[in-house]
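**Student:** Mind docking chain B on chain A? Use the hints.
These protein sequence lines are chains A and B, in that order. The first sequence runs 170 to 381 under my numbering. The second sequence runs 32 to 95 under my numbering.
Since the hints were made in silico from the structure, they are not lab data. Hints are supplied without guarantee of correctness; some may be wrong.
Said to hold, decoys possible - DSSO-like cross-link-like pairs, simulated, lysine-lysine; straight-line CA separation at most 27 Å:
hint : chain 1 : residue 1 : chain 2 : residue 2
1    : A       : Lys-335   : B       : Lys-48
2    : A       : Lys-199   : A       : Lys-270
3    : A       : Lys-199   : A       : Lys-176
4    : A       : Lys-196   : A       : Lys-335
5    : B       : Lys-33    : B       : Lys-48
6    : B       : Lys-37    : B       : Lys-82
7    : B       : Lys-33    : B       : Lys-82
8    : A       : Lys-196   : A       : Lys-285
9    : A       : Lys-285   : B       : Lys-82
10   : A       : Lys-335   : B       : Lys-82
11   : B       : Lys-48    : B       : Lys-81
12   : A       : Lys-335   : B       : Lys-33
13   : A       : Lys-270   : A       : Lys-196
14   : A       : Lys-176   : A       : Lys-335
15   : B       : Lys-81    : A       : Lys-335
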Amino acid sequence: MIMLPEKSELEGALCARYPPEIFAVLKKAKVGIAGLGGLGSNVAMMLARAGISDLIIADLDRVDISNINRQNYSLDQIGMEKTEATEIQLRNINPYIHIEKHNVRLNPSNIPEIFKGCDIVCEAFDIPSEKAMLINTLLERCPDTAVVSGSGMAGFGRSNDIRTEKLFANLYICGDGVDMEDVEGGLMSPRVNICAGHMANTVMSLLLNGEL
Amino acid sequence: MKVNGKELEPILPMTLKELIFDAGYREDRVAVELNGRIVPRSDYAVVLLKKDDSIEIVGFVGGG
Chain A
170 MIMLPEKSEL
180 EGALCARYPP
190 EIFAVLKKAK
200 VGIAGLGGLG
210 SNVAMMLARA
220 GISDLIIADL
230 DRVDISNINR
240 QNYSLDQIGM
250 EKTEATEIQL
260 RNINPYIHIE
270 KHNVRLNPSN
280 IPEIFKGCDI
290 VCEAFDIPSE
300 KAMLINTLLE
310 RCPDTAVVSG
320 SGMAGFGRSN
330 DIRTEKLFAN
340 LYICGDGVDM
350 EDVEGGLMSP
360 RVNICAGHMA
370 NTVMSLLLNG
380 EL
Chain B
32 MKVNGKELEP
42 ILPMTLKELI
52 FDAGYREDRV
62 AVELNGRIVP
72 RSDYAVVLLK
82 KDDSIEIVGF
92 VGGG
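Only chain A is shown next, with the shape it has when bound in the complex (with noise of 0.2 Å):
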């Protein structure tokens, strides 16, 4: 039998490694995950592991077994909801974290809903079409939410053609530009999470500096 840490320990743990005025900052954050493939089942997992506790995810899919290759998931999910499977990952880090989960298709009607109050969200789909959508549809309805988007992330070696950038007043994009689809190798595990640290690294930065 495994004894849990009561909350105010696991929080004290978090604080002694960090100025008290810091985990304030992140305990307050709430933070968006659309698509919790790669890249979203990353960041949850670092995002959780750093501090913050409220998070709203959301994801359509299922865990494939052709998804351990590179997502935050282990063979006894298969089958099961990836919002559901994250949310057991992310209560083995920490069992007090708050999760609202949607397994739904996002939409222009539904996410300015789903992720209202949002400080920021992360942008972690696969399909650009999907991607443009999500983005647009936060930037024009959302403007006090700010977006981190990973783009290009596939193959392997290059880690430093991974790069994050402000493009927009309210949009970050963590990447290298380049379409999976033009790389040998497709996606794989290491360079997924060099993109998908990039993007909680941003995550940190803004809300702890107000910029990157």
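**Tutor:** What follows is chain B alone, placed relative to chain A:
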């Protein structure tokens, strides 16, 4: 006119939709800022560009 930071001399009149295509982007894979403001996608075909406009086009690629 400035497009993604570069000076261009387009032949006017030109719509934003035409510029997106001419610049090599697919309309369903972009977001566009015109003079610092996001342009709703439904307006691409009706926005007429002016000589001193500044336009930023971001194209998104597959994988995630």
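**Student:** So which of the earlier hints does this model not fit?
**Tutor:** 9, 14
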